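Asks: Using the working numbering, the first residue of the sequence shown is number 1, and each one after it goes up by one.
These are computed hints drawn from the structure, not numbers from a lab.
Please read these numbers as outputs of a predicted model, since none were measured by experiment.
The reader is advised that the hints may include incorrect statements.
Unchecked claim - So the derived label-pair ranges between C-beta atoms look like this: (1) L164 to Q446: 54 to 60 angstroms; (2) V604 to K69: 45 to 51 angstroms; (3) A99 to K19: 43 to 49 angstroms; (4) D421 to K558: 42 to 48 angstroms; (5) V604 to S214: 15 to 21 angstroms; (6) E591 to R545: 51 to 57 angstroms; (7) Q327 to L578: 37 to 43 angstroms; (8) P108 to Q327: 32 to 38 angstroms; (9) G109 to R572: 45 to 51 angstroms.
Claimed, not checked - Here are the computed lysine-lysine pairs in the DSS-like style, where the Cα-Cα straight-line distance is at most 27 angstroms: (10) K549 to K412; (11) K19 to K50; (12) K412 to K386; (13) K19 to K68; (14) K412 to K267; (15) K140 to K205; (16) K68 to K205; (17) K140 to K69; (18) K69 to K267; (19) K68 to K140; (20) K69 to K205; (21) K267 to K19; (22) K19 to K647; (23) K19 to K412; (24) K50 to K69.
Glycine included, each C-beta is placed from N, C-alpha and C at the ideal position.
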Amino acid sequence: MLTIGVDTGGTFTDFIWRKGDQWGEYKLLSTPRNPAEAVLAGLRHIAGEKAVDLVHGSTVATNAILEKKGALTALVSNRGFEDVIEIGRQNRPRLYDLACRRNPPLVPGGLRFGLPGRIDNTGQELEPLSDEDLAALGEKLRGAQVESIAVCLLFSFANPHHELQVQKALEPLGIPVSLSHQTLSEFREYERASTTVINAYVSPKMRRYLTFLSEQIGSSRFRIMQSNGGSISAATAMLESVRTILSGPAGGAVGALEIGRQSGFEKLITFDMGGTSTDVCLIDGQLPLTTEAQIADYPVKVPMIDIHTVGAGGGSLATIDTGGSLQVGPESAGADPGPICYGRGTGITVTDANLYLGRMVADHFLGGGMQLQTERLQEPFRHLAKQLGIGTRELAEGILDIANTTMERAIKVISVERGFDPREFTLFSFGGAGGMHAAFLARLLQIPRVLIPRNPGILSACGMLMADVIKDYSQTIMRPADGLNPNEAEQLFQPLERRGEEELAAEGVAAGRTVHQRYLDMRYRGQSFELMVPFSEDFVAAFHRLHEKTYGYANPDKQVEVVNVRLRSLGRPRQQSLPEIDAGDAQPRPEASLDTRQVVFDRVEAATNIIDREKLRAGNRITGPCIIIEYSSTIVVPPFAVATVDKFGNLLLEIEDQKSD
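Based on the provided sequences and hints, a complete structural model is requested.
Replies: Put into structure tokens, the structure is as follows:
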């Protein structure tokens, strides 16, 4: 069957397809008003009416939260705890901002309902729920005309009986209900309530979107990428939509890990620059997972890949701020109207600046399928440069410098600020705009090497085809570590593993392709947060080592607690090895060179070769400056870099000038 990966971005919707040993790619502009239109148009272009095996990374859940366009949601809690999601924690998002205001909760006060009844921390029932109270709740919710309901009762992770009672009582309403013990079976009331509310808030919209797509694609197999780096069926994603919030960026991280491993690089800093934003992630041999993520300042405690995002992309707009200085982003031109050179935009973007300097080839964009309009740039650049009192070349390079600095700061957040030296890593660049900035960013960070895979503009979609089917489970146990021996821990994991086996089988994973990864969330007694430690016989010593690596110290004499047991159940797909390309000499073949043009570097024009990446062979070596074009991206090799081609067709850029700008 034809297998297709689809990643919906802010500017382009990317497709990669595979049938047997054949691979292909396709890009088209996104349709922000209805993302499904671009997805269906691409599927028709690639497969016609044939059934396909589809893996999709969707931004529907993310956008619903960011734009506050989710379902009208109610929250059911214990009486007296209705306002937990508004009180939250006492931390301030901006410590010294005296006018700082939190994002208002997704559920307003009038739609938060408290119930009598109580379960204690051991799971014992202290006060039962009465049928009268449940019937009254149903009438209140019916009158409120809500579209979705989140239920978060105290200690439901220890005993879910009351939440199940509420669910049964609300069944006659015909409204989707999200239960906290199913969404997140862990302690911490605020984070559990927030995660459950987000799931309830986005699930109806996600259900409508996925149902529409499912009906349109008919008998095709349909999976959705999760934030944790794995995929799940569309049916599961409709119920657990909170797990899809970072599905697109997660696909890119998975693809980078797999391609990096096969190419011999396991210490990677991924740099995914698209049209609207840039996502960065540090991979030290494995995908970094976190359970402390936030979206729009709302905690989301389900496991997800630790990805940092900034508002800098090819479509980021250049403007003048209130102080009269040049500013780039975070506002983006998006897909509509897009950059000026796309034909409809009016505001200068990072893409326009690259084209103005000659770093993009107008008649080879998307393989020649989309002509960039260079002539539209002249007047906007003259106008903005005049306002700033600088030249147009200085303006264009200034736009790129500001964008590069924004992305440099993002990489320092995930590396330097966490004790990692970027010089020990390889910068793995992808996304449609990444190749134009990667070498400059590597020089700023003194990273010696950049790895750019084939088809970098669609790597996130490619990663979706490589992803495992993953199910995450957790259970709060709150036990002293010295009172938990390995045999007891084994018994705690067994019910989670049985559940994993059953649910992976329901996802279509064949017997024998299931792998379980065990973790313990641990902390020193008295600490507020935990570290996720891979389970082993000597898990206490492993915790001390990880604590010292993370925080710079360990205290072996202090009592250690095991807070949660955590399981990742993986359904492994068949390994997809990268195809090797034909070998060549150090000098590329003459037909690889398409043209020589003048390109601006450091305010000076330089004669620059235009190279067709499809004509390159393994072993080819190219000294900058040159522009390497391909269907999904453009790669700039500046004068201070040298590019070589490895046996898989990846480009390795060695940065010769290691002085930071």
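Asks: None of the hints should be skipped; say for each whether it holds.
Replies: Hints, one by one, checked against the model:
Distance hint check: the CB atoms of L164 and Q446 are about 56 angstroms apart, consistent with the given range 54 to 60 angstroms. A beta carbon spacing of about 48 angstroms between V604 and K69 agrees with the range 45 to 51 angstroms that was offered as a hint. Under the hint 43 to 49 angstroms, the C-beta atoms of A99 and K19, about 57 angstroms apart, miss the expected range. For the hinted restraint 42 to 48 angstroms between D421 and K558, the CB-CB distance of approximately 29 angstroms leaves it violated.
The beta-carbon spacing between V604 and S214, approximately 55 angstroms, falls outside the hinted interval of 15 to 21 angstroms. The hinted range of 51 to 57 angstroms is satisfied by E591 and R545, whose Cβ atoms lie roughly 55 angstroms apart. Between Q327 and L578 the beta carbon distance is about 40 angstroms. The supplied range of 37 to 43 angstroms therefore holds. For the hinted restraint 32 to 38 angstroms between P108 and Q327, the CB-CB distance of approximately 34 angstroms keeps it satisfied.
Taking the beta carbon of each, G109 and R572 are about 47 angstroms apart, inside 45 to 51 angstroms as hinted. Restraint check for K549 and K412: satisfied, since their Cα atoms lie roughly 18 angstroms apart, inside the 27 angstroms limit. Simply put, K19 and K50 have alpha-carbon atoms about 13 angstroms apart, close enough for the 27 angstroms limit, and the pair holds. Taking the CA atoms of K412 and K386, the gap is near 34 angstroms; set against the 27 angstroms cutoff, the hint is violated.
With a C-alpha separation of about 40 angstroms, the suggested pairing of K19 with K68 is violated against the 27 angstroms cut-off. Straight-line distance between C-alpha atoms of K412 and K267 comes to about 15 angstroms, which keeps the hinted pair within the 27 angstroms bound. Using a Cα cut-off of 27 angstroms, the hinted pair K140 and K205 holds, with the two alpha carbons roughly 23 angstroms apart. For the given pair, K68 sits about 12 angstroms from K205 by alpha-carbon distance, which is consistent with the 27 angstroms threshold.
Of the supplied pair hints, the one linking K140 and K69 holds, its CA atoms being roughly 23 angstroms apart against a limit of 27 angstroms. For a cut-off of 27 angstroms, the pair hint linking K69 to K267 is broken: about 39 angstroms separates their Cα positions. With a CA separation close to 24 angstroms, the supplied pair K68 and K140 stays within the 27 angstroms bound. For the given pair, K69 sits about 9 angstroms from K205 by alpha-carbon distance, which is consistent with the 27 angstroms threshold.
With a CA separation close to 31 angstroms, the supplied pair K267 and K19 exceeds the 27 angstroms bound. Our distance criterion of 27 angstroms between C-alpha atoms is met by K19 and K647, whose separation comes to about 22 angstroms. The straight-line distance between the Cα atoms of K19 and K412 is roughly 40 angstroms, outside the 27 angstroms bound, and the hint therefore fails. For a cut-off of 27 angstroms, the pair hint linking K50 to K69 is broken: about 34 angstroms separates their Cα positions.
In the structure shown, a violation is registered for the earlier hints numbered 3, 4, 5, 12, 13, 18, 21, 23 and 24, in ascending order.
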